[in-house]
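Participant: Please model the entire structure based on the sequences and the hints provided.
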Amino acid sequence: MANEVTKLNGIAIGSITNVNGITDANLAKINGQEFTGSTDFQKISFTTVDSSGSAIGDAGEFNTGRSYGHSIAFDPDTSQFILMFSDTLNSERPTIRIGTVSGTTLTFGNKIEVETHSNANTTGCYYDTAKDRLITIWMSSSTGRNGIYAKAFKLNSSRGVDGTGTLATVDTASSGYNQTNASNFGAMNQNDENGNSMVDVLYEDGDDSSHNYARTVMLDDHTNADDDASCSLNVGSAAEFSTDSSNRWGIASDGTKNCIVYQEGSSVRTRTIQHFTQAISFGTYDDLSLSGMEMTFADAYGGTNMVYDPDNDCFHVAIKFTGSSSGNAVNGNVYILKVTLGGSDDKVASFQSIGNPLTNLTNTATISSGTYTNNVTGGGLIYSHARDRIISHGSANAGHSVNNATINAEVHSYNGSTYTSGGSSNVIDIETRNGQPRGVGTLHVDASAIFGNVVPIMSMLYGGTNDGTTFIHGIDAGDAAIN
Amino acid sequence: MATIIIRKSDNMVTHFALEANFSKGYLSFTDVNNETVESPSVKSDAYEIVNDVTLPKKWFADCFKYEDGAYTILEDQVAMHNEGRKVMRDKFNAITAGQGDEEFPDIEVEI
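In order, the protein sequences belong to chains A and B. 9 is the number of the first residue of the first sequence in our numbering; add one for each residue after it. 6 is the number of the first residue of the second sequence in our numbering; add one for each residue after it.
These aren't lab readings, by the way, just hints derived from the structure by calculation. Each statement offered as a hint is correct.
Covered, in the sense of this in silico footprint (three residues per stretch, anywhere, with C-beta under 8 Å from a C-beta of chain A), are these stretches of chain B:
hint, region
1, 43 to 55
2, 82 to 92
Which chain B residues face chain A? A few, computed with CB under 7 Å, are given here:
hint, residue
3, Thr19
4, Asp36
5, Asn38
6, Phe65
7, Ala66
8, Phe97
9, Ile100
Pairs of lysine to any residue, SDA-like flavour, derived with a Cα cap of 25 Å:
hint, chain 1, residue 1, chain 2, residue 2
10, B, Lys13, B, Gly74
11, B, Lys91, A, Thr251
12, B, Lys96, A, Thr251
13, B, Lys48, A, Asp236
14, B, Lys62, B, Thr35
15, B, Lys96, A, Thr177
16, B, Lys63, A, Thr473
17, B, Lys48, A, Ser165
18, A, Lys355, A, Phe290
19, B, Lys70, A, Thr96
20, B, Lys70, B, Asn16
21, B, Lys13, B, Glu72
22, B, Lys63, A, Asn474
23, B, Lys48, A, Asn118
24, B, Lys48, B, Lys70
25, B, Lys29, A, Arg167
26, B, Lys29, A, Thr86
27, B, Lys13, B, Asp81
28, B, Lys63, B, Arg12
29, B, Lys29, A, Ser60
30, B, Lys63, B, Thr41
31, B, Lys96, A, Gly184
32, B, Lys63, A, Gly471
33, B, Lys62, A, Asp475
34, B, Lys96, A, Gly273
35, B, Lys29, A, Asp58
36, B, Lys96, A, Glu248
37, B, Lys91, A, Asp215
38, B, Lys48, A, Asp228
39, A, Lys355, A, Glu272
40, B, Lys96, A, Ser217
In this text, a Cβ means the ideal position worked out from N, Cα and C, and glycines have one as well.
Facilitator: Here it is in C-alpha cells:
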C-alpha cells in the first residue's frame, strides 16, 4: 500500500505548496514517504451483467462456457468496448459481445455470432475510427486448413450491430495449415501514409513452409448508412516478412505506422509495414544482434508481445534471452526494450542501443521471474496511457499444481531513456482461481475514455475446479512511486 | 425438448439450442446455457428452425444431418474438424508439454 503521509512538520499536506523550491505537483515523496492520495498498482474487479441487469455467470464473467482466443477493441464513437472470443457453447464459433462501462459494472449485450465457422480459436477485433466500423478477424480450424477470415460490423449504441458485412477470406491453405499468434494477430493502422485505415494481419502460411506473411484488410468505400453494404471488406495481397516457421512476432501501431518485431532464425528483427494502397512493403529491418533472444514471452496463450507508448512515442517489446548468461543477460529472463521509428516518413524501425557488449542490455527492464517462470498463461504487455506506465502480465505455477496457475502482473515506467520496474516484491495477482489460464486479451489502444485509469484484461480458466470460467478484470497501473 | 437449426441445402445441423426464431430478420437463439445469441448472417432463406427435437448426446456444428426426424453423423466432417484441431493441439503441446490437460482435444459426437 502507498504510505499515507498527511502532515509534514505539523503542516497539513494540502497546505504545502512547495518544498525546497519543488512545487507540490512535482513532489512525489519525501524520505521515501508518499503523499496521501497516490494510487497503488492494483487489480480492479468488475461486475458483469447482461442488458437486463442479470449477472453473467460468476463475478466478472462475460460468457458462461469455455472461450478461447480473446481480443478486445474500443469504439470511441459509441463509448463501447467489444470482446471477441470463440464460444464453446456454440461450437467454438467466433463471437463478439459489446459492453458499456459504468463505474466497475460492465453491461453486455447479447452474444453475436460473427460467422458460422466453428473451431475459431484465434480472434482479433479492431475498431476503425475513421470509418466507424468494427473489423473482426479469426482463424478457423474447420475450414480453409486454418483459414483466416474477416468480417466488419456497424455498431449501434445499444450493445448491438446494425450492419453486418459479407465474409472476406484473408488467407486459406491448400497443402499445409496456416497458423498465427493469438494476441499478436494484427494491428489497426488508423491513418497510414496514404490516409487510409486498415488492419495488418500476420500469419504463418501453410502453403509456403510456414513462412510469415502479412495482408491488409480494409473497409471498402462505404456510406454512412447503417446497413450491411456499408461493411464490405477488401483483402490485400500477401507479403512475406520472415522465413521463420515459429509464428513468433509482435505487432503494434502508433496510429499512422504499424511496426513488427519478429523472429528470423536466431535473430530478432524489427521493421515497419508500409502500404501502397493495400499492397504491403516492409521497411529496412534492424537486427537486435544479440543471439539467443526469442519472441517467446507470449507463448502459448499470452497477450501482446509489444505495445505502443504514446507518451514517449516509442514501442516497448518483451523478448526472452535464452543464451548463456553473461553480463546483465541472464538465461531465461525476459527483457523489455524500446523500438523507435525514424527516417523519411518513419519508415525505419530501430532497436534501442543495448550497450557494448550487447549482453549489457543497457537501459532495458527485466520482467520479474514471478511473471514468466513456469508460465502457463503466456505473458504479455499492456500500456496504460492513463498512468503512462507499462504492465507486464504472465503467470506462475511454482508451488501450485498445474491447475492453479496464478495470472499476475508487474508495473514498469519509462522516462524516455530508462525503465523502472516494480520488482518481484510488487507483483500482484490478477486471477487466482483454480485452473489453467488460457488466451489473454488486452486492449491495443487507449480506452481511458471509458475505463478511466483501468486497463481491461480477459481470459478463461481451462481445467481444474473452475473449468470454463471466463473473466474480465481491470488493472490500475497506479501513480504511487515505483520502488 | 430442444431446437436445432439446419441448413436447407443439405440438412446439415448448424446450431443446437433451447429456442430459436427469425423475428429480427436473422437467427436469434437461446444457447444451452440459456444465453441469447444473435447470428446476423443466418437467415431464413437458407436455414430452417426445427423445434421439439432431442439434442444428440454429444454435438458439434456441421457434424450431423437431420432428415426425417433422425440424426446421421457426418464422419467426414468430424474427421475434418479433428484434423484441424490436431494441428492446433500439436502446436500448443509443443510449447506447453507437461503443463496440464491437452488443449483442443478431438471433437466427439454421439447421437
